[in-house]
Amino acid sequence: MSVEVLSAGPMLSVQDAGRFGLRHLGVSSAGPIDMAAMALANALCGNEPDTAALEFAGLGGSFKATRPLRFAVTGGLCDIRVDGRTVPPGESHRLRPGETLAVGVVRGAVWGYVAFSGGIAIAPVLGSRSTHLRSGLGGVEGRALRAGDVLPLGEEAAEGPCLRPANPARAAAIGRGDGPIRLILGPQDDYFAPEIVARLTREPFTVTPQRDRMAMVLGGVELPAARGHDIVSDGTVPGSIQVPGSGLPLVLLAESQTTGGYPKIATVASADLARLAQTPVGGEVRFSVVGREEGEEIWLAHRRNLRAVLGDLVAKPEGALRSDYLLSCDLVGGFFCPEEIVQVPLSQDGGIAG
Amino acid sequence: MTPTVLPCGDCALVLQIGETVDAEANARIIALAAEMEARALPGVREIVPTYRSLLVRYEPEEVRGAELERQLLAAYEHPARAGAEGRLWTVPCLYGGAVGQDLEELAAMKGLSPDEVAALHSGAEYRIYMIGFAPGFAYLGGLPEILHTPRLPKPRQNIPAGAVGIGGQQGNINSVAGPSGWRFVGWTPVRTFDPGRAEPFLFRAGDRLRFRPIGADEAAALSARAEAGELLISPEPAGEASR
Numbered sequence: 001m002s003v004e005v006l007s008a009g010p011m012l013s014v015q016d017a018g019r020f021g022l023r024h025l026g027v028s029s030a031g032p033i034d035m036a037a038m039a040l041a042n043a044l045c046g047n048e049p050d051t052a053a054l055e056f057a058g059l060g061g062s063f064k065a066t067r068p069l070r071f072a073v074t075g076g077l078c079d080i081r082v083d084g085r086t087v088p089p090g091e092s093h094r095l096r097p098g099e100t101l102a103v104g105v106v107r108g109a110v111w112g113y114v115a116f117s118g119g120i121a122i123a124p125v126l127g128s129r130s131t132h133l134r135s136g137l138g139g140v141e142g143r144a145l146r147a148g149d150v151l152p153l154g155e156e157a158a159e160g161p162c163l164r165p166a167n168p169a170r171a172a173a174i175g176r177g178d179g180p181i182r183l184i185l186g187p188q189d190d191y192f193a194p195e196i197v198a199r200l201t202r203e204p205f206t207v208t209p210q211r212d213r214m215a216m217v218l219g220g221v222e223l224p225a226a227r228g229h230d231i232v233s234d235g236t237v238p239g240s241i242q243v244p245g246s247g248l249p250l251v252l253l254a255e256s257q258t259t260g261g262y263p264k265i266a267t268v269a270s271a272d273l274a275r276l277a278q279t280p281v282g283g284e285v286r287f288s289v290v291g292r293e294e295g296e297e298i299w300l301a302h303r304r305n306l307r308a309v310l311g312d313l314v315a316k317p318e319g320a321l322r323s324d325y326l327l328s329c330d331l332v333g334g335f336f337c338p339e340e341i342v343q344v345p346l347s348q349d350g351g352i353a354g
Numbered sequence: 001m002t003p004t005v006l007p008c009g010d011c012a013l014v015l016q017i018g019e020t021v022d023a024e025a026n027a028r029i030i031a032l033a034a035e036m037e038a039r040a041l042p043g044v045r046e047i048v049p050t051y052r053s054l055l056v057r058y059e060p061e062e063v064r065g066a067e068l069e070r071q072l073l074a075a076y077e078h079p080a081r082a083g084a085e086g087r088l089w090t091v092p093c094l095y096g097g098a099v100g101q102d103l104e105e106l107a108a109m110k111g112l113s114p115d116e117v118a119a120l121h122s123g124a125e126y127r128i129y130m131i132g133f134a135p136g137f138a139y140l141g142g143l144p145e146i147l148h149t150p151r152l153p154k155p156r157q158n159i160p161a162g163a164v165g166i167g168g169q170q171g172n173i174n175s176v177a178g179p180s181g182w183r184f185v186g187w188t189p190v191r192t193f194d195p196g197r198a199e200p201f202l203f204r205a206g207d208r209l210r211f212r213p214i215g216a217d218e219a220a221a222l223s224a225r226a227e228a229g230e231l232l233i234s235p236e237p238a239g240e241a242s243r
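Sequence lines, in order, name chains A and B. Residues in the first sequence are numbered from 1 upward in steps of one, following our numbering. Residues in the second sequence are numbered from 1 upward in steps of one, following our numbering.
It is possible that some hints are incorrect.
[What the hints assert, rightly or not] Computed from the model, here is a short list of chain A residues facing chain B with C-beta under 10 Å: (1) F20; (2) I122; (3) L126; (4) V150; (5) I181; (6) P187; (7) T206; (8) T208; (9) T236; (10) Q257; (11) T267; (12) E297; (13) W299.
[Stated by the list, open to error] Not the full set, but computed from the structure, chain A residues with beta-carbon under 8 Å of chain B: (14) R23; (15) V27; (16) M214.
Honestly, the hints are just simulated from the structure, not real lab data. All C-beta atoms, glycine included, are put in the ideal place defined by N, C-alpha and C.
Generate the whole structure from the sequences, applying the supplied hints.
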């Protein structure tokens, strides 16, 4: 029972919730850049939210399975095809042995997720299946996936229906939004003059191409530190905004170094970090400052909201088209032409799936 | 030493004592880390001691930052247990050679012979101030002052695991292969990090360490044993050595 990678985008990797409790030994968690998107992909396949799935940046890849399964793609809009037939992201679909799943380029976002029912069952390393690309740990030989890799699948708890969120708009809005990205100042904001700290919220930053799973560099605004850009190294977290000598802020992500010697002017609110990381290159980013208590409240609301979405998935009708189903679909995002809508449930073996 | 609690977002706190590298402050931080581990407070996810501060990651659904801050300060002011002295490791080191490629240049910079540099380097006792940067990467304090040397202006690619280096006032042992701007004077066959081993990580913050010079033949023999998964070295128990 496995999934074979037929082709792979440049940064396709296995991720689960991450590797926790080892930061004091120099191991950052890895795990998904956008945890909510991965949790949704898993839930749509009937998996626990932290089940191992695939993460990709930009371009996904193509896959074949040796057993029937359900899969879901999340993270953003994406061209997804099963044997050339287009299916939408944000809900699960069936993939039968012999069929080819092709996951194209994610649009309006950066990081996409592909979950398979039963999950990817490679052997955990140091307690997690997450790939830590920079340290070469976990996943498949600690590296990005490539054509020819075969990923064992876990057992499906029960062969369930294909699912979609009862409220797709709410699901798509998890961790997204148009407002500024919220920050909590510190731990070393006192290394910067007040007018430099004020630049954080007054001026727009841009997302530069210097980005990976470890960190992303922002451009457009320089943040020189009055007290210099060296501190006695201390601990970092995902969301720490380090400012090296260039003055350009560096936002740490899932594979960051566990300690660092640059002053950290602020920390991105946990609920907004995925939104920042999902901003395409060239995108404009604005920040606002909140206090710790408010940041915690935002995080608690985010978690409640995510649980509500994950707990409110409904079975998709499989077989005959129903007008109430069609009316509930997001016909703008995902579908390309009316013929494709008609083709979705009427698959070759008669449309009664499973 | 007066502690300061610094905000680190909505899921982490930092307790800091001072802004310098200092063995006493570091010992207090490591003792606080042990204290916090022992207290096993609900909602605490990770405890990360560094030179002079302790990072604590938490889950606000289980404990709020304001409450954890009180708990952290209480643990610092009123520890229930005495800090333990670190274990003492003796690490075999082949000075010079292909990996210790900077030994001769560094010796020339200091007006010393390579043997004198090796003797100074292996004559010191080091303290592991923290593990960070990469899995199992130990930052060593206690480098003799004459050996303090700035890092290279441009990092080199592909420095192997086991490389023994000097970066500014600090020493290190590369735990994983990768790029580095440190200057390398030797190599140890000991693998300080091996994820496939029952004990993947050899060192802990607060441990102490000495280097024992070895020749190329012994290095090759030890390397073969390390290849087979042997740890090669074990520490003297805490507290028995040197004090």
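Violated hints, by number in ascending order, as checked against the structure | 2, 4, 5, 7, 8, 16
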